Structure formats: structure tokens, C-alpha cells
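Numbering (the numbering used here), first residue to last: 1 to 463.
These are computed hints drawn from the structure, not numbers from a lab.
Remember, it's a predicted structure, so these values are computed and weren't measured experimentally.
Just so you know, even glycine gets a beta-carbon here, dropped at the ideal spot from N, CA and C.
One should not assume that every hint holds.
Stated by the list, open to error - Restricting the straight-line Cα-Cα distance to at most 30 Å, the calculated cross-link-like pairs of lysine-lysine (BS3-like) are: (1) K29 <-> K94; (2) K121 <-> K152; (3) K190 <-> K121; (4) K29 <-> K152; (5) K423 <-> K441.
Claimed, not checked - Just the calculated beta-carbon pair ranges, DEER-fashion: (6) T369 <-> T105: 30 to 38 Å; (7) A241 <-> G410: 40 to 48 Å; (8) I201 <-> D270: 39 to 47 Å.
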Amino acid sequence: MALSRSARLGALATAAASFLVIAASSAPKPGADGIGDPYFPQLGNGGFDARHYDLDVAYNPDTDRLDGRTTLTARATQNLSSFDLDLQKLEVTKVEVNGRRADFTRAGDEIRITPRGTLSKGRTFTVTVTYGGVPEALNGPIVFGSDYGWMKTADGVFVACEPNAASSWFPSSDHPSDKATYDIRIKAPKGLTGVSNGRLISTRDTGAGTVTHWRESRPMATYLATATIGKFDVKSGRTPAGTPIYVAIDPVLANSNSVDVYAVTAAATDYWSQIFGPYPFEETGAIVDDMPEAGFSLEVQSKPAYSAVRSESTIVHELAHQWFGDSVSVERWKDIWLNEGFATYAQWLWSEHQGVRSAHDSFLAGYNTRPADSSFWQTVVADPQRDTMFVSAVYQRGAMTLQMLRERIGDTAFFKLLPAWTKLHRYGNANTADFIRLAEKISGQQLDDLFQTWLFTPGKPSL
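Sequences and hints are given; from them, build the entire structure.
Encoded structure:
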């Protein structure tokens, strides 16, 4: 087929216009200063995908000073002229990209880094940030009104960072949608132990300090990273089913609580592996620190961190998070019920497993004790808002939703759904719509009405 002259000219003009559009779209530009999470718009960063963090931190409890060097390996997802990292308060002294000095500016909690040349889309690059200062704990209404993040203790520091405090101690893309693997080296004065995620690679003395090197080889959200430092009695071994276990307990607390943290951790890890699917990490364990001011515990990946709040029920809750929250992480913070509702429901399942009370009776206990005019029922569980993302309704009504689902679709489908969910999104991110879709697929039922009532509609549902 031959084209007329006018058709040929039209084709050439179209091709030229297309080339200009492509050229404009591929021109290097800055990465976004946040991923656009409605609760924390500037958390995380656009233009790259974090792959691995190599953290070197040295902490002096006497001065409360932290000195750090973080190397992030990332892949550019666009042609980058510059990009951002999140870092709160601490002073940056040097930035290098691919081993070459790079310019940077600060604007609030954002570091804007300009490499010497364009970082091409698809290219893997490294950025190394040298920094230091006195980290500050965060506070406010979000975490039960408690301080959180980098919290000084009598002999060191307790580090528990959900939802937005990881960037208070290391530069990062501080959002759970940008997960990475980690090597974490913690230098502390001799006599103190630095405990972190994954497995212990080495311990070595250097001058007046001791360096512990930890490696988390499975993808991890930033808020689950820890560098807790103090005096600890350590017990390690394997669970009855063979999972390595490492439990560090502040000697101040060794005889102050009746719960056997090591034994319950081992038993719960093995039981959840039967119910939720294979344990997702290389090691299980616990960090039990004397930090009563924190008033909460956190599902630190591979080693939940417990302050003064710990019990068998708390331990099984935090260990359930290893599947629901750590391996399968929220896509946006409004999906937090996928973490807390599931971990709370795990407490009900544990009571059922122990023969103490059925999950149905646990549901009724929570449902019947809260009158219809209670503010509890006014939280929209699927979007609880930033400052109330950890209110009790997210936990309890989230768990109630799961019990209603179990009773609707039956035990066979329900206990097929849980491990299917953790397998489908293993080491990734998911949202509420993903869960509803999978529940409908496995059950063969249309479930919009159930989820609309229990997750999206304020008010006490009728039974």
C-alpha cells in the first residue's frame, strides 16, 4: 500500500509530535518528596525503589549522641535529576551518590539530594549519608499519647518506631510501601548489647565499644527496624518446630513477671505457623526492655519489642503481626486494621486454642459491653484517620469483622483464607479491597454487605 504525499506529511508530523511527548516524559526530573499517603503525605519518597539499607550507628548513652552512616541501595523508577530522603532533626554532614560527593539541601524533615549526573530509569544506585546528633522521641496523640521512636532508657535506648519515627534515627524512604532488606551494625559501650532485626552475624570489640552486626534478609518496612541498646540477658535456641529463637531480657525485669517470654514466643511462633502459614522470617524472638514510660509493645520484625507491657496475650498478638503487618504490610496507613484487627483476632484464636474461651464468645464480650451510643462504634475502621489510627475500635471491631466473616463463610473457608492471604502477599503490601476480593474468591460468596457494615459504616451493627 502506498501513501499519498499529504498522508506521508501527516504521518511525519504525528511521529515528530510523539517523539517530543516521549522525550518530554523521559526528561530527568526530581523524585516526589512523599508517596502521597493521606495520613503522612511526605513520608516515603518517589522516583526510586529502596532495595537495601546498610546502617552503621554508634550511640553514647552518657551524651545521648548518635552518629550514623547509612548507605541505601535503590533502583530509579524514573529518570532522576534529584531525589529525597526522610530524616528528622539530625544533622547531615556529607552525602555521596555512587561514591561521589553530592549536593543536598534540607527542608524540614526532607533531604533533597542532587547527584552529579542523571540517574537513569531502571538503574541501581547507592546513596550514603553521614549524619549525627541527639535523636528525639516523637509524641502526640497517635500512639496512645505515648512517646515513641528513639526513647532513652536507664542504660541505653528503646527503639520502637511505628508509624513515622524510623527517620528520627536513620535517613530513609520512611513508609511501609517501600520495603527493603537490612544490614544493621550497632556500636555501644562495652557491657551493653545492641539488638536488632534478623539474625546476629557477628559481635566484635572495638576500643571502648562493642559492635553487633545484624542482618534482616527479608524485606522490611522502615518502622519495624530497631537498634535497641542496653544490658540484656540473652537466651537463644530453636522452637520445638525448629525456628531459631533469640530472646533478650533486661535483667531488671528478669523476675518481675510471671510470663515465660521465651516459652510463649516459641509456642506461639509454632502454632501460628500452622494457622497462618510458614513463619516468614529467619528467626523469632523478643526484646524485653525496662521502659515503662513507653506503655506499649511493637511487632519489631523477627523480635517484638516489649516495654513494661507484656503478657501471654500481648506476646501472641505481636507474634501474629509477623504475618499480618510485617510480612504482609499495609499499602497505606488507613489499612491499619489489616494489622491490628488480625493480631487482635489472633488473641481470640489463642484463647480458643487454649480452651479458655471461643472466638465467638470473645466477640460477644466486646460487642455486648459497648452500648450503641458508645464512641467506640463511630470509628470507620477502614479509614480511622491519622491521630486515631490506633484507637480500640481498629483492634476490636477489626477482630469482630473477622469473626463475622468466619461465621458467614464457615471454618473451612476461613482457615483456608488466612494462609492464602499471607502467601499471596508475602513480603509485600496489600489493602482492604485486596482482602475482600480474596475472601470472596475463596468463599465463593458475595461479601460486600458484611464488609460495608463492619468496616465502612459508623454505628453499632445489629446481629
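(message) Under the constraints set out in the numbered hints, which ones does this structure not fulfil?
(response) 2, 3, 4, 6, 7 and 8
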